[in-house]
Structure formats: C-alpha cells, structure tokens
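> Here is what each chain is made of, one letter per residue.
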Amino acid sequence: MSEERRMIPVWFFAGILIFIYGILIFASGLVEWSHPPATVLANLHAPVWWGAIMIVMGAMFIQLFRPKKAQK
Amino acid sequence: MIHFGVLPHVLVLAPAAVTGRMISLSPVDLAIIVIYFVSVLGIGFYLKGYAKRGEDFFVAGREMTAWVAGLAFISANLGSLELLGWAGNAYQYGILAAHWYWVGAIPAMLFLALVMMPFYYICKTHSVPGYLQLRYGRATSGLSAITFAFMTILMSGVNMYAMAVVMQVILGWNIHFSIWVSSLTVGIYVAMGGLFSAIFNEVIQFFLIWLGALLIPILGLIEAGGWSGMVAKIHERFAGQDFTHLWGPMLHPSQNPMGVQWIAIVFGLGAVLSMGYWTTDFLLVQRVIAAKDIRSAKSAPIIGAFFKMAVPFIVILPGLLALAVLPYHLYPANVATAGQHTYDQVLPLMMARYLGPGLLGLGITALIAGFMSGMAGNISAFATVWTYDLYRPFIKKDATDQHYVAMGRWCTMIGLLVSIGAAYIVTHFGSLMDYVQALFSFFIAPLFGTVIIGMLWKRATKKAGFWGLLAGITTAITIFVLMRGHPERVAWFCFYAGAKSLAQQMWQALWAFIVVVVVSGVVTLVTKPRPEAELRGLVMGLTDIPSDAHLPLVKRPVFWAGVCFVVFLILQWIFR
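Going line by line, the protein sequences match chains F and B.
At position 20 of the first sequence the residue is numbered 319 (the working numbering), and the sequence of numbers has no breaks.
At position 361 of the second sequence the residue is numbered 927 (the working numbering), and the sequence of numbers has no breaks.
Keep in mind that a hint or two might mislead.
Computed, partial: chain B to chain F, Cβ under 10 Å [to be verified]: (1) 592; (2) 634; (3) 638; (4) 781; (5) 785; (6) 801.
Note that these hints are calculated values from the structure, not bench results.
Here a beta-carbon is modelled for each residue, glycine too, at the ideal position from N, C-alpha and C.
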C-alpha cells in the first residue's frame, strides 16, 4: 500500500454509519413519543435512549479516528 | 458461515408454501437498509485504490491491527444463519446450545492464537492450503484447496438462498430480488476492494449486529423480571424440563433433549470439531493472516474469543426469554402447521415483540449485513484459494502479480455467479440443505488432524499428510452414510441410539480425527522423512517463534489468553 495515501481507518466509517443511524432512530423515537408503537415495553421509549447512545458512540468514533492531515 | 448443524429449520419450508409476512417495515426502517447498501458500495469504491497488488487484494496487505483482525475474525463466523439458527436451538434445547459458543469455541480460538498462528504467520502463507503445500506438498494442498473451493462456493449459495427465504418469511420480499440485489452488491464491493472490503464490512457488521440485537435481551429481561424471573416463568410453562443448566444434565444422553453426554461435548465438540473449524477454516484464518505482525496475529483470535463468549447474550438468551415470555409455543419446522411459528423464527418474533420503527430497521439491517458478510467472506476466500492454490500452482505458474490480481477480481464475480446458480439449485431441491451441513463436517476434522500433525510433528511425511487427510474424509463420509436413515447404527458410533444429529456430528468428527492420526502415523513410519532444512518455519522445533518475554505482562497475548480462559471457566461454573 502506498505510504502517501494513508487508509482511512474502518472505525471512522463505522462511526459515521452509527452516528447516522443513531440520529434516525432517536428522531423516530421522538416522533412516536406520544403515540408509541404496539410493541411490548414501548412506554420505555427505547428508540430515544438507544438512539442517543448510538449518536454519542458514533461521534466518539468519528472524532477519535477522523483522518488526520499528513505531517510533514 | 454455517457450522455445527446450525441450518435454520425455516429453510425446510419451500418458499411457495410461505404466505404472509411476520414484520412490516416503516419508511425509516427502509431508509436504514438503503443507507447500509449505499455505504458498503461506497466503502468498496474507496478501497479499490488500495487493492492493486496481490498482497493487498488477497491478504489486505498484511496490515490489519489486532482489533480489526479480531473483530473481522469473529464477524466472519457470526453470520445471520448462526444468529437465527442458534436462537432457535436455544428455544429447543435451552442453555445447552451455549456449549457451541463456549467449550465449542473458546479453547479452540485460544489454541489457534497461541499454538497455530505463529506457524501460519511465520511461513507467510496466504491460506491454509498454502500452508499444506509448504508442509506436505502439492497433492495434499490440492485436495484441501479443491474441497475448500467447492464447499465455500456451495456455502455462499446456501447463504444467498437462506437469506432470500428468511427475508421472504420475515418481510415478504421476493426471493429473486433478495438473491440478486444482495449478491451483486457483495460481488461489486469484494471485486473492487478484495479482502480489505470484506474485512471492513465485517467490522461494520459486528457493530450493527450488537447494536441491532442487544436491545432484545435487555428488554426481554426487563419484561421477564431478570434472570430469576425468566427461569421461574420457564419452569411454570415447561414443567419438568431443564432449560437453564449447562452441565448438570450431561452425565447421560437420556438426561437432555440433545441426547448427548459430556464426553462428546468435551472431546467431540471441544477437542475436535471446534478445533477443526476455528483453526483450519480458511475464511476465519484468512482474517488473522492479514494481521500486521505476529503479536497482532496472536492477539486477534484472543480478542475474538472475549466477544465470542458474550455472543450467547444476544443469541442464546433471546431463545430462553422466548420460552418465558412468548404467549404461544414454537414448533419444529417439519411439524408446524399454518398459523404456528417454528423454532428458527424465534429471533424475528422477539424483534417484532420489542422493536418499533427505526430499531426494527436496524435489527433487519444487522441480519442482512450478517448474510452479506458471510457471502463476502466466502467469495473472498474462494478467490484467494482458487488464484493462489489452484490457478497459480497448477495452471499458470509464472504470471505477473497484476495478472493474479485480475484473476482474483474475475473469479470473485464468476464465483458469485456460480453461487447464485447454487442458490437456485437449492431452491428446487430443498432437501439438499440437509446434506450441505454434513458435507462441511466431512472436511473440517480431518483437515485439523492433518494441519496439527504437520505443525507439531516434524517426522510426518508428505505421503502421510495426503493419505491421512484422505482417510479422514473417507471415514467421515462413511460414518455419515452408515448412520443416515439407520437409527440402529447410530449406537455403533455414538454409543447411544438416541443421539441427535448434533451429537452424531461430534462423534463422526472424533472418529475421523482418530483415523487421521493413526493413518498419518503409520504412513509416516514407512515413508522417508523430509530434510529438516525444508521444514524450517513450518514445524514446532524447527521454527524460531519470537518471544514476548521482553514485553510487559499486559502486552503479552498469553496473559490475555489466560484471562479469557479464566472467564470461560467462571461462566461454566455460573451456569452449570
């Protein structure tokens, strides 16, 4: 592999995907807050807190593994 | 990847017999699925620029860190058929199913890390057949490569078919749509990025599976009232049956629904079948060979082992929770009637029970990702074995590196098309599925015997490797044929007439392994040994394995292997 082109780490890609999914799930949870779906334990509003966890996790991965500029 | 008899019984249903769907997806669920497909293709396009040399395309440049190699290693095994099948097995057999995740995996993974990985890595082989070529010569390597290439393409086709059936049963999707969209996506991103693409997507799949599946046991335990509440409910609904003890009912086969006793679990599963799978299945070993140095190569399976120990939480526990909370019973696929659900539908049923819009899409995406990673793993392994172990040594020896990379890309797509063909054959001959699992089991125990003898015994000769492997495969096939359809013969090999197919597999593997050892030993004694100079880097005693003694304790793989093994023992005690 060429030294001039450092590969973006897989954790960065994972972080982006988790972050996007977290936003979608969190938003979905907020939208259905007053009319939760007919699932068991819907009153716990799992999409909201699970989506929030995913947003935080994704953001951490993006920050920690974002491509850094090549040092001269 | 399928192993150890995990073929979901839902696949017994011919697609035409299925009506309706179990789950309906909302727009946000569909968006999540579409984003996944776009992402994997985008990652494949990005990685194309890094997969120009053979070393990059086939072994990911041997640059993977321990964590990447470790997560890819465990994800290559954690396919969706595994998730669905073992959750169903957990509903049927209870916590006994966890043996396949603990005693049937952890010792083998640690053995691979500490004993076998140094030989695979130091000899710089690109594959398991490649190691066999170096150790025993082309005949043994060719036999292994041909059987592996055939099996891996067949498994890829089975994965495709299985995914299509599951998506039809769960979501009502058209089977052809599922087969073609998923397989072409996989083909494109593997043809572009080679093993880089396969590994990157396996790591992403790892996160998706945990994030998609972890909520089910969390919410399930809340509903059931914790572990003790779950156990109480199970006892109430299934009085007189023990679903929650791992070793207690293993003294005699008649004490448990699997018809197996501890000897077969420890020696057949733990010592032979799991060793054969975890240490010689090239789809797994390829991920670790891609590590950047020998310490990473040793650490990767150990990292995988920690996560493997945790997988029962998202696979076995949902099956147990279903016993406690589902208001209806599930049935074997061959007895379920219209309106009833089968064992292997337990995971989608639990998903539908707890997961609403968004979370459901994530769970379904995790299943799709699992299927597609399985296909990608099979296809990338096939491309490597075909190109380096069959095409280069037997057909075109002295081509350029670019020629072999082009062959790798072409045979990725050709292999994919052959897999699609296999998938369509399986759609018409559903009973083939019964044989696919058996086919796989014919090869892994003999292969393990051949590889481990080669690594640990320098006296073993070339002819011993070939004839031992062939004798082991023949033994496994013979025992299978003899037992198939003749229950009275089961006791000949399993010492118990009521042994079920999982138990039969374990005994079959044990006998095949014993034959490999005996035949290899006898042939070795009557044939000429190879000069030691030819075995340097391949065999214990003739290989300089770098020591970790200079490293701090917490940086040594053997330390973490010890921690892992202690945790494994604690789990056996807690759930005994």
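> Does each hint hold? Answer for all of them.
Hint check:
no.: 1; hint: 592; in the structure: holds (8 Å)
no.: 2; hint: 634; in the structure: holds (6 Å)
no.: 3; hint: 638; in the structure: holds (9 Å)
no.: 4; hint: 781; in the structure: holds (6 Å)
no.: 5; hint: 785; in the structure: holds (5 Å)
no.: 6; hint: 801; in the structure: violated (21 Å)
Checked against the numbered hints given earlier, the structure breaks only hint 6 and satisfies all the rest.
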